[in-house]
Amino acid sequence: MIAMLLATSAVASGVSLLVGRFLCRRRVGWLLGLVPAGLFLGFLALHGTIEAGQTITERLAWAPSLGVDFSLRLDGFAYLFCLLVTGVGALVVVYADAYLVERSPEDRARFLTLILFFMTAMLGTVLADNLIVLFLFWEATSVFSFLLIGFDVDSPSARRSALMALHVTAGGGLALLAAILLIGVVLGGYSLTEVVVRAPELARSPWSVAILAGVFIGAFTKSAQFPFHFWLPNAMQAPTPASAYLHSATMVKLGIYLLARFEPVVGAVPGARDALIAVAMITMLVAAFQTIRAENYKTVLAYSTVASLGILVMLVGLNGPMASVATVGFLLAHALYKATLFFCAGTVIHATGLTKLRQMGGLWRFLPVTALASALASLSMAGLPPFFGFISKEFLFEAQIQSSWDAVPMAVAVLVNAVMVGVAGVVTLRPFFMGAHRVQDVRHKEVVGLLLGPMILALLGLVISLEPTWVNRVVLLPAVMAVYGQRVDVKVALWHGVTPMLLLSAAVVGIGALLFVFWVPLHYRLRTFTRVDRYDAEHAYDALLRRVRAVARGIAERLQQQDLRSQLGVIFFAVVAFLIWALITLGRGPRFPASVGAVRVGPALLALVGLAGGIAATWARSLLAAMIATGLAGLVAALTFLVNGAPDLALTQFAVESLVVVLLTVALLALPLDAPTTRSPRARRGDAALAAGLSVILFIALLDMAAAPQQNTVSAFFGARSYLDAFGRNVVNVILVDFRGFDTLGETTVIALSAVIAWSLLGPRVSIEDGSGGARRSVFVLEFASPVFFWLLAVLSVVVLLRGHNQIGGGFVGGLMGALAFAIVALTHGVDRARKRLRFHPLTLAGVGLLLAVASGLPGLVAHGDYLRHVWIEANVFGVHVKQGTALLFDVGVYLAVLGTVLAFLFGLTREAEA
Amino acid sequence: MTVLYAFVAAGLFGCGLYMVLSRHAVRMMLGLSLLTTAVNLVLFQAGRIRTAQPPLIPEGAERLGESADPLPQALVLTAIVIGFALTVILAALVLRAWRSQRTLRSDELRSAQDLGSPLTPGPDLDH
Numbered sequence: 001m002i003a004m005l006l007a008t009s010a011v012a013s014g015v016s017l018l019v020g021r022f023l024c025r026r027r028v029g030w031l032l033g034l035v036p037a038g039l040f041l042g043f044l045a046l047h048g049t050i051e052a053g054q055t056i057t058e059r060l061a062w063a064p065s066l067g068v069d070f071s072l073r074l075d076g077f078a079y080l081f082c083l084l085v086t087g088v089g090a091l092v093v094v095y096a097d098a099y100l101v102e103r104s105p106e107d108r109a110r111f112l113t114l115i116l117f118f119m120t121a122m123l124g125t126v127l128a129d130n131l132i133v134l135f136l137f138w139e140a141t142s143v144f145s146f147l148l149i150g151f152d153v154d155s156p157s158a159r160r161s162a163l164m165a166l167h168v169t170a171g172g173g174l175a176l177l178a179a180i181l182l183i184g185v186v187l188g189g190y191s192l193t194e195v196v197v198r199a200p201e202l203a204r205s206p207w208s209v210a211i212l213a214g215v216f217i218g219a220f221t222k223s224a225q226f227p228f229h230f231w232l233p234n235a236m237q238a239p240t241p242a243s244a245y246l247h248s249a250t251m252v253k254l255g256i257y258l259l260a261r262f263e264p265v266v267g268a269v270p271g272a273r274d275a276l277i278a279v280a281m282i283t284m285l286v287a288a289f290q291t292i293r294a295e296n297y298k299t300v301l302a303y304s305t306v307a308s309l310g311i312l313v314m315l316v317g318l319n320g321p322m323a324s325v326a327t328v329g330f331l332l333a334h335a336l337y338k339a340t341l342f343f344c345a346g347t348v349i350h351a352t353g354l355t356k357l358r359q360m361g362g363l364w365r366f367l368p369v370t371a372l373a374s375a376l377a378s379l380s381m382a383g384l385p386p387f388f389g390f391i392s393k394e395f396l397f398e399a400q401i402q403s404s405w406d407a408v409p410m411a412v413a414v415l416v417n418a419v420m421v422g423v424a425g426v427v428t429l430r431p432f433f434m435g436a437h438r439v440q441d442v443r444h445k446e447v448v449g450l451l452l453g454p455m456i457l458a459l460l461g462l463v464i465s466l467e468p469t470w471v472n473r474v475v476l477l478p479a480v481m482a483v484y485g486q487r488v489d490v491k492v493a494l495w496h497g498v499t500p501m502l503l504l505s506a507a508v509v510g511i512g513a514l515l516f517v518f519w520v521p522l523h524y525r526l527r528t529f530t531r532v533d534r535y536d537a538e539h540a541y542d543a544l545l546r547r548v549r550a551v552a553r554g555i556a557e558r559l560q561q562q563d564l565r566s567q568l569g570v571i572f573f574a575v576v577a578f579l580i581w582a583l584i585t586l587g588r589g590p591r592f593p594a595s596v597g598a599v600r601v602g603p604a605l606l607a608l609v610g611l612a613g614g615i616a617a618t619w620a621r622s623l624l625a626a627m628i629a630t631g632l633a634g635l636v637a638a639l640t641f642l643v644n645g646a647p648d649l650a651l652t653q654f655a656v657e658s659l660v661v662v663l664l665t666v667a668l669l670a671l672p673l674d675a676p677t678t679r680s681p682r683a684r685r686g687d688a689a690l691a692a693g694l695s696v697i698l699f700i701a702l703l704d705m706a707a708a709p710q711q712n713t714v715s716a717f718f719g720a721r722s723y724l725d726a727f728g729r730n731v732v733n734v735i736l737v738d739f740r741g742f743d744t745l746g747e748t749t750v751i752a753l754s755a756v757i758a759w760s761l762l763g764p765r766v767s768i769e770d771g772s773g774g775a776r777r778s779v780f781v782l783e784f785a786s787p788v789f790f791w792l793l794a795v796l797s798v799v800v801l802l803r804g805h806n807q808i809g810g811g812f813v814g815g816l817m818g819a820l821a822f823a824i825v826a827l828t829h830g831v832d833r834a835r836k837r838l839r840f841h842p843l844t845l846a847g848v849g850l851l852l853a854v855a856s857g858l859p860g861l862v863a864h865g866d867y868l869r870h871v872w873i874e875a876n877v878f879g880v881h882v883k884q885g886t887a888l889l890f891d892v893g894v895y896l897a898v899l900g901t902v903l904a905f906l907f908g909l910t911r912e913a914e915a
Numbered sequence: 001m002t003v004l005y006a007f008v009a010a011g012l013f014g015c016g017l018y019m020v021l022s023r024h025a026v027r028m029m030l031g032l033s034l035l036t037t038a039v040n041l042v043l044f045q046a047g048r049i050r051t052a053q054p055p056l057i058p059e060g061a062e063r064l065g066e067s068a069d070p071l072p073q074a075l076v077l078t079a080i081v082i083g084f085a086l087t088v089i090l091a092a093l094v095l096r097a098w099r100s101q102r103t104l105r106s107d108e109l110r111s112a113q114d115l116g117s118p119l120t121p122g123p124d125l126d127h
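Chains as they are written, first to last, in this note's numbering: chain A, 1 to 915; chain B, 1 to 127.
These are calculated hints, taken from the structure and not from any lab test. We put the CB at the ideal spot given by N, CA and C, even for glycine. Do not take every clue at face value.
Estimated spans, in silico, between C-beta atoms of each pair [said to hold, decoys possible]:
no., chain 1, residue 1, chain 2, residue 2, range
1, A, 65, B, 46, 30 to 36 Å
2, B, 107, A, 665, 23 to 29 Å
3, A, 665, B, 112, 28 to 34 Å
4, A, 785, B, 1, 35 to 41 Å
5, A, 708, B, 108, 42 to 48 Å
6, A, 742, B, 52, 28 to 34 Å
7, A, 598, B, 46, 16 to 22 Å
8, B, 58, A, 598, 22 to 28 Å
9, A, 684, B, 86, 21 to 27 Å
10, B, 52, A, 799, 19 to 25 Å
11, A, 197, B, 86, 56 to 62 Å
Computed footprint of chain A on chain B; a stretch qualifies when at least three of its residues, placed anywhere within it, have a C-beta under 8 Å from a C-beta of chain A [what the hints assert, rightly or not]:
no., stretch
12, 12-23
13, 39-47
Same shape as in the complex, but just chain A:
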C-alpha cells in the first residue's frame, strides 16, 4: 500500500509536466492539486492501523547482495510527516497556480512538476526504512530544493542562492552518508528500525562519535542550524509557494525528523544531548537577533523559521516524554502557522510588488481575507489561547521543566518565544493594519486560489485546539509513541489551571508585546551593528568557495599545462608509475615462457624489418619518409598475420595500408614536407626514456601473458558452433556478423559516423558537375592499366564479400577493396571522374549501408524475438541448392558503410588538398 502510494506520487509527478504543457494550460493547479489531495486521502485511509500503534512495513528487493533493500516503513511519526507533506502539498499546488498567473504555462508546469517531485522525495525520505534509500531521497529533496530556489534561472542572485543551498544541504547529506556507511559497518545492515533497537550497541562502538557527528551535520545543514543556517534566508529567492512548502513546512523539518529517529543513540552517547542543546541555543539567539534586523517580509519569516527549528532541535535534545510530545506538537503547530504566513506574504508581495515590510501598510482594505488568515496564524505563532500554538508552547515549557537541564535553555526559550510574539505582531499588524497611507492601490486582488491555502491552514490551527480529540488520537499520540518508544498520555487541552507553564507563557507574551512596541527603534539600533556581519557564516562560506576555486585552479594550472606534449607526458608518466606500482604490489614476479621455442627464420627477419620501419619513422626528418616507414611497419604486420593463420587480417591490413598511402599522400602533399624537430635534444631523450619504459613494461607483460595458461573456452565454443548454428565456415566472419553482431553493428556505426565527421571537416562543398577536373598530367601506364584494375578490384570486392561467410573475406575487406578500385580511378583521372563513376554521394552509400545493417537484425527480432539473430532460408533454384540468411544482408551493409566511408575520406581529402 505505501509502496503503491509512493509509486503513484512518482508517476503522477512525471506525468504532470506533460499535463501542464499540453493538456491543460490554464488553471492546471486545480487539476494537479488532486494528486497530493488523493495521496492525502490515501494516507488518511490508513489511520486505523496507525491509531492502533502498529507499523506498516513493506520490502522490495533492490540490491540484496549489498544489503540494500527498498524497504519502507510507516509508523506514527512518519505518518504525521506524510499527512503534512501531502496535505500542505495540495494547498501549495493550488496556491502556486494562482501565484504564477503571470508566468507562461510552461513555467507553471515546470514549477508544479518540481513541487510534486519534491513531494515524492519527501514521502520517500520519511517512508524509507533502509538508510541508503533514505539517503537517496534525502539528497533528492536537496536537488529539488536547488531547482526551486533557482526557479528564476535568469536571476544571478537566485542562481547563487540555489547553489548555496545545494552546497550546504547536499554537502551535509554526504556527511550523513558517511554516518550511514559507518552504521552499516557496526550493525551489518542499514535498517532504521535496527538502529533504534540496537542503539546501545551503536553507542558502545568506537565509531559512535563519528556516526553521530555525521548525522548531526546532515540534520543541521538540512534544518538550517548554526553555523549552516545562512542558506535558508537566501533560499527566499524561491517563488513564495516553494518557500511555504519546502523552507518552512516540510523539507527543513527533515533534520528534526532524522534527529528524532536517532534520539535513542543521542541519549546513549555522553555529551550528545549537550551538543544538540548548545547548537540549538546558539541558533535560536542568532536567528532572533537577525529576525529583528531583517527588513524583508520573507526574510523575517525565514529567520523566525530558523529560530523555530532551533527550538525543535533543542526539544530533541531534552530528555523525558514531554520533550517528544512537545516536538510533535510544535512541529505540527509551526507547519500550520508558518506556511499560512508565507502564503500571506506571497499574496502581499504578489499584490503590491513590494518586498520590504516598512513599505507596506493598510492592506486589509485590499486583501481582507488574507489579513484575517495572517491574523489567525500570527495569534497561533504568538502562542495565545485558544490557538494550537498556545498548546504547543505549553508543551514546550513543560518539557523544559520536566527535563534535567538547568535554567539557561529555559531563559533562551523564553527570550526567543518573546521574539516570536514580536514577529507575529510585526508580520500581521504592520503590513495589514498599520500605516494605511503607505499603500494606495494593489495590482492584484485576492482570488480563490490564493485564499484556499492560508484560510484552511489558519483555521486548522484553531480547530485542532478547540476540538483536539481526533487529531490527538490519529496523529499526535501515534507520532509521540513512535518517537518516544512507548505510549505517552497526551492531554491536549487549553486550560490546565494555573501552572508554571502558564506563568511562563504569560511572561513570554508580556516581553513579546514590549518587543513589538519597541520593534522599529530596536530594528534600527541592531542594524547599526554592522561589525557582526563580518563574522557571518555566509562570509565564511564565500571565502571557502573562493579558496576551493583558487586551489582547484592552482592544481589544474600545474598539471594541465598549455602544451599538449607535456600534458601527454604527465598522462603516460602516470601510466608507467601505476603499472610499476601494480607490478610491485602483484606479489609475484612476472612469468616467462619456458622455452624460446623454434624460431622460423623468414618470419623472424620479417618482424625485425617491421621494427626497423618503426624506428626509422621516429628518425625520419621528412614526413613522407616517416609515412613510408610507418607503412612498412603496417605491411609487416599484415605479413605477420598471413604467416600465422590470419589471412582475413592480412587482407584487411593490406587494403588499409594501400589506402593509407593514397589518402595520406593526398593530405601530406598539401603540407610542408620538411618538418624540423620540435623538441629540444633533452626533451627528446626524456620522451625516449618514457617510451622505452612503457615499451619494456609491455614486453614483460606480453611474456607473462605468453607464459600463462590459455583460457580459450570462448574460442572453442565459436569453433564448435560456427557451422552448426550459424552455417558459416569462416569462424572469424561468423563471429563478426553473427555471434558478436551487436559489437560489429556498433563498430560499423563508428565508421559511418567518421565519414560524416570527415565530410563536414573537409573543404568547400562542390557538386560533381561543378568540379573542374583541371588538366592532369596523365601517366601512360596508369591510364592503360586503370580500367583493368578498376574492374578487377570492383568484381573481386564483391566476390570477397559474398563468399566471406565460408571463405576468406567479408564485408570489411570487401568494402576496402571496392574503395581501392575507386582510388585507382582517382589517381589516374582525378577525383571527379571517380565521383562520376560512383554516381552516389559517398555519405548516402555509408548511410544506406548502416541502415541495411540495422535492418538486417529485424527479421530475427520478428521470427525469434532476438535482434540480430539471423534468419536462414533454404531453396532449390534451378537445381542449385541455395542457403542464404540475413547474415549476408548484414555483411552487405558493412560493405556499403565501409565503402562509402573510405570514399568520403578520399573525395574529402582530395577536395581539401586541391582547394
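Given the structure of chain A, go ahead and fit chain B onto it with the hints provided.
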C-alpha cells in the same frame, strides 16, 4: 617466436609513443598509426601464435579443428578498420589546421586556449 613477436610489438609501441609525444601534428598522427599497429599485434598475440592454419572449417567437417584462435582475429579485424578511420580523421584535422592556422606545431595551435580558461570565474560565479 613468441618472445620475438612480443619484442617487436613492444618496440613498435615504444616508437609510436615517442612519435605521439612530438609537437609536430603529422608525427603525432603517424605515431598513433604505429600505436594502432602495435596494439593490434598485441591483441593478436593474446590468442597465442601456434599454427599457420587459418580458422576455417574445412568442407565436410562440422567443427573447427586445430587452427589459429578466431576470437582475437575478429577483434583485430574491426580494430584495423577503426584505426584506419582514426588516422584519416586525424589527417583531415591536420590538413584543416594547416589551412586555417598555417602551423602544424601543437604548441602553436592555440585557438582553444585563446577562448579563455574555463577556470577563470565568470560573472555568475563571482555573483
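Okay, residue 785 of chain A versus residue 1 of chain B on CB: inside 35 to 41 Å? Holds - the Cβ-Cβ distance for residue 785 of chain A and residue 1 of chain B, about 39 Å, lies within 35 to 41 Å.
21 to 27 Å as the expected CB spacing between residue 86 of chain B and residue 684 of chain A, which holds or is violated: At 25 Å between Cβs, range holds.
The stretch 12-23 of chain B covered by chain A? Criterion: 3 or more residues, Cβ-Cβ distance below 8 Å. holds (count 12)
When you take the CB atoms of residue 197 of chain A and residue 86 of chain B, is the distance between them in 56 to 62 Å? 60 Å Cβ-Cβ, so the 56 to 62 Å window holds.
Distance restraint evaluation - residue 665 of chain A, residue 112 of chain B, Cβ atoms, bounds 28 to 34 Å: Holds: the Cβ-Cβ distance is about 29 Å, inside 28 to 34 Å.
19 to 25 Å was suggested as the range; check whether the CB atoms of residue 52 of chain B and residue 799 of chain A agree with it. holds, 24 Å
Would you say the stretch 39-47 of chain B counts as covered by chain A, given the rule of at least 3 residues with C-beta under 8 Å? holds (count 7)
Given the hint of 22 to 28 Å, check if residue 58 of chain B and residue 598 of chain A actually sit that far apart at their C-beta atoms. holds, 26 Å
So the hint says 42 to 48 Å: do the beta-carbon atoms of residue 708 of chain A and residue 108 of chain B match that? The hinted range 42 to 48 Å holds for residue 708 of chain A and residue 108 of chain B, with Cβ atoms some 46 Å apart.
Range hint compliance [Cβ, residue 65 of chain A to residue 46 of chain B, 30 to 36 Å]: The hint (30 to 36 Å, Cβ to Cβ) holds, given that residue 65 of chain A and residue 46 of chain B are roughly 31 Å apart.
Given the hint of 28 to 34 Å, is the C-beta distance from residue 742 of chain A to residue 52 of chain B inside that range or not? holds, 31 Å
Okay, residue 107 of chain B versus residue 665 of chain A on CB: inside 23 to 29 Å? The hint (23 to 29 Å, Cβ to Cβ) holds, given that residue 107 of chain B and residue 665 of chain A are roughly 27 Å apart.
The structure fails none of the hints (numbered hints given earlier).
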